[in-house]
Amino acid sequence: MTKLLEQIPRLRPGFRFQWEPAQNAHVLLYPEGMVRLNDSAGAVLKEVDGQRNVADIVATLEQQFPDAGSLEDDVSEFLKDAEQQHWILFS
Amino acid sequence: MTARHAMPTGDRPGIGPPLWLLAELTYRCPLQCPYCSNPLDFAQTQQELTTEEWVRVLRQGREMGAAQLGFSGGEPLVRQDLPELIAEARQLGYYTNLITSGLGLSEAKVNAFRDAGLDHIQVSFQASDPELNNAVAGSRKAFDQKLAMARAVKEAGYPMVLNFVIHRHNIHQMEDIISLCERLGADYVELATCQYYGWAFENREGLMPSKAQLEKAEAEVNRYRERLTASGSAMKLIFVTPDYYEERPKACMNGWGSLFLTVAPDGTALPCHSARLLPIDFPNVRESSLHSIWYDSPGFNHYRGDSWMPEPCRSCDEKGRDFGGCRCQAYLLTGNADNADPVCSKSPHHDRILAARQAADHATAGLEELTYRNTDNSRLFFRG
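Those protein sequence lines, which keep their order, are chains A and B. To convert, note that position 26 of the first sequence is 26 in our numbering; the numbers rise steadily by one, no gaps. To convert, note that position 121 of the second sequence is 121 in our numbering; the numbers rise steadily by one, no gaps.
If you're looking for bench data, these hints aren't it; they were derived computationally from the structure. Just to be clear, a hint being listed does not mean it is correct.
Stretch by stretch, here's where chain A covers chain B in the computed footprint (C-beta under 8 Å, at least three residues) [claimed, not checked]:
| id | segment |
| --- | --- |
| 1 | 71-81 |
| 2 | 87-97 |
| 3 | 116-126 |
| 4 | 154-160 |
Ideal placement from N, C-alpha and C gives every residue a C-beta, glycine not left out.
Please construct the entire structure, taking both the sequences and the accompanying hints into account.
If you want it as structure tokens, here you go:
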């Protein structure tokens, strides 16, 4: 199995990620459902574009949040959880 | 890291925005399912909203924060302006769901809707085999058409939700139903046991499964779910059990006027699609803006909060969890919508639920004895 860092996450077909001003949050929309994301989950999913692998996403986020230290564990853990929830797929 | 936020508050303290908008475009439908949630007197409804009126509703809803939009009915496909409404909704940023019987759908329409921006099509079935399916739907060609359309939906790349309304005449088919869904490649399967409103309340005795039937079905669903998990399948089974077999009521619509806003074909705005049966004056989008309807109308404020509650709800420590249950069910079973939902074992009217359970153990009525949902039968309900 390829290491998680080298895998490329993408949203599952039928899922949409967008900013909702009324909720002041990013949300994930799917058939007849919606998850309101907290700031960190929103920041990670915003970078999930089906092009870049997890290592690239971690690097981008570490650049965005220089005071946060290493984000590899947090981001990996969240993406694994998101996969289990069937929000995203890895390729 | 947890991903979820608490729910937001809207323009008024304590009242959140209507995140879910259900657009019931029409009560017209080619099928006659005897558990239809439309009002019994639907044939009395005059004058559906025009395209322009629906567009105005969609814009107002989106401005208030609605993100999920359902196009339903009746059969929404009978509206010729559906592609236009889909395109408008998608452009506004809604996640758009089409809830359809599949009748009147074609491969060309499935693709045209996708190009217009439709996110998801839910196809409903009545059973896992053509004979029973068509008998329940009151249509000889329904099953084959549904199968063809489910395949077309999948082919076009939509996420696929298949919905089965479950009752005493098809509850023995759980395994066959789920296996059919697996073959069709469904992502979600809703096995929704009848909720007894509208036509389903009228036909309750002929629809409600017995406790034994229900337990057997639940065990079958659980076994199948384990098999799916073991095989790594992402198909999700959602089994909605009837609240008539519960001892505590459901938190209906997550609370009155809390998340859901339904607009009926004639523009009547409702806190849920059944609320029309209540003796409450509900506002119409032809006369008021969605914003004033949601935040300021007496209809939508009627059962917000808990100051309206009589006993046993008033002093109940669970009232914040279930809001006293369902107002429509309280009205249908006790004649007063303020009462506790009789599903609750603390309700003084709980005996009505127990009597329905008992009747379900002894029911013998066949499908042919049900009152089917069609225009002729509907006229009987308002001519009196």
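Earlier hints that do not hold, by number: 1
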